[in-house]
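*Asks:* We have chain A already, so just place chain B on it with the hints.
Protein sequence lines, in the order shown, are assigned to chains A and B. Just so you know, the first sequence maps onto residues 864 to 1364 in the numbering used here. Just so you know, the second sequence maps onto residues 4 to 102 in the numbering used here.
Hints were generated in silico from the structure; no laboratory data involved. Do not take every clue at face value.
[Unchecked claim] To give an idea of the interface, some chain A residues facing chain B are shown, with a C-beta separation under 7 angstroms as derived from the structure:
| hint | residue |
| --- | --- |
| 1 | G1060 |
| 2 | P1172 |
| 3 | Y1194 |
| 4 | S1205 |
| 5 | N1211 |
| 6 | A1245 |
| 7 | A1301 |
[Unchecked claim] Below 25 angstroms or equal to it, Euclidean Cα-Cα: the simulated SDA-like pairs (lysine to any residue) are:
| hint | chain 1 | residue 1 | chain 2 | residue 2 |
| --- | --- | --- | --- | --- |
| 8 | A | K958 | B | L28 |
| 9 | A | K1208 | B | L98 |
| 10 | A | K1290 | A | K976 |
| 11 | A | K1258 | A | D1190 |
| 12 | A | K1188 | A | L1233 |
| 13 | A | K964 | B | E89 |
| 14 | A | K1130 | B | I53 |
| 15 | A | K976 | A | A928 |
| 16 | A | K925 | A | D949 |
| 17 | A | K1188 | B | E11 |
| 18 | A | K870 | A | T912 |
| 19 | A | K964 | B | F92 |
| 20 | A | K870 | A | E883 |
| 21 | A | K1188 | B | S24 |
| 22 | A | K964 | B | S82 |
| 23 | A | K1188 | B | T76 |
| 24 | A | K1188 | A | R1224 |
| 25 | A | K958 | B | A80 |
| 26 | A | K1208 | B | D25 |
| 27 | A | K1188 | B | E88 |
| 28 | A | K964 | A | E1215 |
| 29 | A | K1258 | B | L75 |
| 30 | A | K1188 | B | V65 |
| 31 | A | K958 | B | D29 |
| 32 | A | K1208 | B | A87 |
| 33 | A | K1188 | B | Q90 |
| 34 | A | K976 | A | E1158 |
| 35 | A | K964 | B | P73 |
| 36 | A | K870 | A | A884 |
| 37 | A | K958 | A | I1278 |
| 38 | A | K976 | B | L75 |
| 39 | A | K1188 | B | A80 |
| 40 | A | K1208 | B | E11 |
We treat Cβ as the ideally placed atom computed from N, Cα and C, and that holds for glycine.
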Amino acid sequence: MSDLIRKTAVELSELMASGEASAVEITQAHLDRIGAVDGAVHAFLHVDTEGALAQAAAVDQKRAAGEKLGPLAGVPLALKDVLTQDGVPTTAGSKMLEGWKPPYDATVVQRLKAAGVVILGKTNMDEFAMGSSTENSAYGTTHNPWDLNRIPGGSGGGSSAALAAYEAPLAIGTDTGGSIRQPGAFTGTVGVKPTYGGTSRYGLIALASSLDTPGPCARTTLDAALLHEVIAGHDPMDSTSINQPVPAVVDAARRADVAGLRIGVVKELGGEGYQPGVEARFHEAVELLTKLGAEVVEVSCPHFEYALPAYYLILPSEASSNLAKFDAMRYGLRVGDDGENSAEKVMNLTREAGFGAEVKRRIMLGTHALSSGYYDAYYGQAQKVRTLIARDFTKAYEQVDVLVSPATPTTAFAIGDRVNDPIAMYKNDLCTIPSNLAGNAAASFPCGLADEDGLPVGFHVMAPVMRDDLLYQVGGALEAALAEQWGGVLMSKAPELEVSR
Amino acid sequence: MPSITREEVAHLARLARIELSDEELDHLAPQLDQIIALVGQVSEVAADDIPPTSHALPITNVMREDVNVPCLTPEQALSGAPAAEEQRFRVPRILDEEA
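Chain A on its own, in the form it takes in the complex (with noise of 0.2 angstroms):
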């Protein structure tokens, strides 16, 4: 049954539901492809075997038991590094936290237990979520799996990739400044950022905690639609959580109609310094909508262009505040505790030790943003131009519904090609980056192969706060309409990769 593999979580639903298939046979099967690929891809950090199997049975046992389970009940998913998972080691890609399990569940793992979504392990990631590659992960690099020489994206290229290497059909990843949405374009496969505020933050350790999200990562977007309705929705447990309802994304996802719709195109996003191919299969995916019916204009968002550097100082704060509670005290890391050492200089020997450089440079920067003299130039003139940038939305989404551009300005770039020029890896997440700022919901979804190198383009859609269904309802249009024209979706045309024993 190794054909399980490559089923979306929707047929694999239907295999449960008809009886074809149990959810113990569909986990295994995803296990073994894990152990058949993943020496080469290195997605998961962990895989739990045991958990996951248990979980499936569970699921099985229910079925046979009668009761009603939802869409996704039985369907494997790959979680995250940077969310807890009780019992199950969570590291967010640092050595600061080897070896730590911890003692409860994040608000998301909480909904996908509830509803039956069997938890494969959890994949790599950059440092606490800091960078676009995953090269900066304690634990080593993850590899695309259309090209295993090329960085899969970041910081959840461990989510993404194992989409792709059809390790799971479904996966959790967040998005600080599109830890999401450019693994997805990199990786040929569907991320979605939802509203912030719209999924939980309890559970999920802090980056920058005015921009985290977490959200859904897929195959196709009806299967990432089905994946957001179970984790999103009102949390009590996070203060800055939405109490609303969630927007209908299955309901769009289906509808994926874009006729009457209104779309502009930002004409800060693209130009100098954009890949020839990954601006040739945007123009061809916006001309595909015009000709469904969608309404095309251009539109100017003319503080786009400081949204990195105030993004740069805004994250960087927010994480040097967020990391000070790695402090070898309560858990995690301790080095130097020879009896002599002073608290303090335990924490200096600790975070020395504990931090890899990139983590080091952003909390130095923070520390540097935030400290008295340079606060007002740096920090407070960030916060302001986060202002001017939610409100270049607010006057675009006055004149169209949804806005776009490509999701990443190139496709996915060499190992080791910007480890050490850290503006060039910044500047990945130039289309990614506004949105998080202005906390609206933005997703990526696969528009073709870039000619230069045959490496997969995103197309990134932004929809207003809580219009999160806008998303489903465009990705969801572009897929049918450009499955036709190749006869499948992207992922198909992925090359096989190299299955060890």
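*Replies:* Same frame as chain A, now just chain B:
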């Protein structure tokens, strides 16, 4: 003239409680200098009369009823501790020898 000197970076590391080695300082100082030049671009934006945004959405403080709810047991809370003693976190000395 760099926007941040090696000495200033060493000072930041002390504030951030990170015991940086000399080699790391050599590597990090010029990188931070470049990054600070990049983020300094925010000063080009005329925004004197613009209110700052600390948060994307209009939010108000959230309260709950003051009632007992289930929480971690002491064993669970101490399960990840680097060192524990008598149901407490054991930490290195916090005072100087002379104190």
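*Asks:* All hints, please: hold or fail.
*Replies:* Evaluated hints:
Below 7 angstroms, beta-carbon pairs count as interface contacts, and G1060(A) has one with chain B at about 6 angstroms; its hint therefore holds. Among the interface hints, the one on P1172(A) holds; its C-beta lies about 4 angstroms from the nearest C-beta in chain B, closer than the 7 angstroms criterion. This hint holds: Y1194(A) has a C-beta 3 angstroms from the nearest C-beta of chain B, less than the 7 angstroms allowed. Contact between S1205(A) and chain B, as hinted, is supported at the beta carbon level, the nearest pair being about 6 angstroms apart and thus within 7 angstroms.
Because the beta carbon of N1211(A) sits about 4 angstroms from the nearest beta carbon in chain B, less than 7 angstroms, this interface hint is met. Restraint check, A1245(A) versus chain B: the minimum CB separation of about 5 angstroms is within 7 angstroms; hint holds. Among the interface hints, the one on A1301(A) holds; its C-beta lies about 6 angstroms from the nearest C-beta in chain B, closer than the 7 angstroms criterion. The suggested pairing of K958(A) with L28(B) holds, with an alpha-carbon distance near 21 angstroms, which does not exceed 25 angstroms.
Straight-line distance between C-alpha atoms of K1208(A) and L98(B) comes to about 11 angstroms, which keeps the hinted pair within the 25 angstroms bound. Taken as a hint, the K1290(A) and K976(A) pair is broken in the structure, with Cα atoms around 37 angstroms apart against an allowance of 25 angstroms. Note on K1258(A) and D1190(A): the hinted pairing is violated, with a Cα-Cα distance of about 44 angstroms set against a maximum of 25 angstroms. Annotation: proposed proximity of K1188(A) to L1233(A) holds, straight-line Cα distance about 17 angstroms (limit 25 angstroms).
Only pairs whose Cα atoms come within 25 angstroms are accepted, and K964(A) paired with E89(B) is accepted, the gap being roughly 21 angstroms. With a CA separation close to 24 angstroms, the supplied pair K1130(A) and I53(B) stays within the 25 angstroms bound. At roughly 18 angstroms between alpha-carbon atoms, K976(A) and A928(A) fall within 25 angstroms of each other, so this suggested pair holds. Proximity of K925(A) to D949(A) is assessed by CA-CA distance (about 22 angstroms); at most 25 angstroms being required, the pair is judged to hold.
For the suggested pair K1188(A) and E11(B), the alpha carbons sit about 24 angstroms apart, so the restraint of at most 25 angstroms is met. Simply put, K870(A) and T912(A) have alpha-carbon atoms about 20 angstroms apart, close enough for the 25 angstroms limit, and the pair holds. Proximity of K964(A) to F92(B) is assessed by CA-CA distance (about 17 angstroms); at most 25 angstroms being required, the pair is judged to hold. Taking the CA atoms of K870(A) and E883(A), the gap is about 13 angstroms. The hint holds against a cut of 25 angstroms.
For the given pair, K1188(A) sits about 22 angstroms from S24(B) by alpha-carbon distance, which is consistent with the 25 angstroms threshold. For the suggested pair K964(A) and S82(B), the alpha carbons sit about 8 angstroms apart, so the restraint of at most 25 angstroms is met. Taken as a hint, the K1188(A) and T76(B) pair is honoured in the structure, with Cα atoms around 21 angstroms apart against an allowance of 25 angstroms. Between K1188(A) and R1224(A) the alpha-carbon distance is near 17 angstroms, which keeps this suggested pair within the 25 angstroms criterion.
Annotation: proposed proximity of K958(A) to A80(B) holds, straight-line Cα distance about 20 angstroms (limit 25 angstroms). For the suggested pair K1208(A) and D25(B), the alpha carbons sit about 17 angstroms apart, so the restraint of at most 25 angstroms is met. Restraint check for K1188(A) and E88(B): satisfied, since their Cα atoms lie roughly 21 angstroms apart, inside the 25 angstroms limit. The straight-line distance between the Cα atoms of K964(A) and E1215(A) is roughly 22 angstroms, inside the 25 angstroms bound, and the hint therefore holds.
Of the supplied pair hints, the one linking K1258(A) and L75(B) is violated, its CA atoms being roughly 47 angstroms apart against a limit of 25 angstroms. The hinted pair formed by K1188(A) and V65(B) meets the criterion: a straight-line CA distance of about 23 angstroms does not exceed 25 angstroms. Note on K958(A) and D29(B): the hinted pairing holds, with a Cα-Cα distance of about 23 angstroms set against a maximum of 25 angstroms. At roughly 19 angstroms between alpha-carbon atoms, K1208(A) and A87(B) fall within 25 angstroms of each other, so this suggested pair holds.
For the hint pairing K1188(A) with Q90(B), the CA-to-CA distance comes to about 21 angstroms; that is within 25 angstroms, so the pair holds. Under the criterion of a C-alpha separation no larger than 25 angstroms, the hint pairing K976(A) with E1158(A) is inconsistent with the structure, at around 41 angstroms. Proximity of K964(A) to P73(B) is assessed by CA-CA distance (about 20 angstroms); at most 25 angstroms being required, the pair is judged to hold. A distance of roughly 12 angstroms separates the Cα atoms of K870(A) and A884(A); the hinted pair therefore holds under the 25 angstroms criterion.
For the given pair, K958(A) sits about 21 angstroms from I1278(A) by alpha-carbon distance, which is consistent with the 25 angstroms threshold. At most 25 angstroms may separate the alpha-carbon atoms for a hinted pair to count; K976(A) and L75(B) meet this at roughly 20 angstroms. Our distance criterion of 25 angstroms between C-alpha atoms is met by K1188(A) and A80(B), whose separation comes to about 15 angstroms. With a C-alpha separation of about 20 angstroms, the suggested pair K1208(A) and E11(B) falls inside the 25 angstroms cut-off, and the hint holds.
Comparing the model with each numbered hint stated earlier shows that hints 10, 11, 29 and 34 do not hold.
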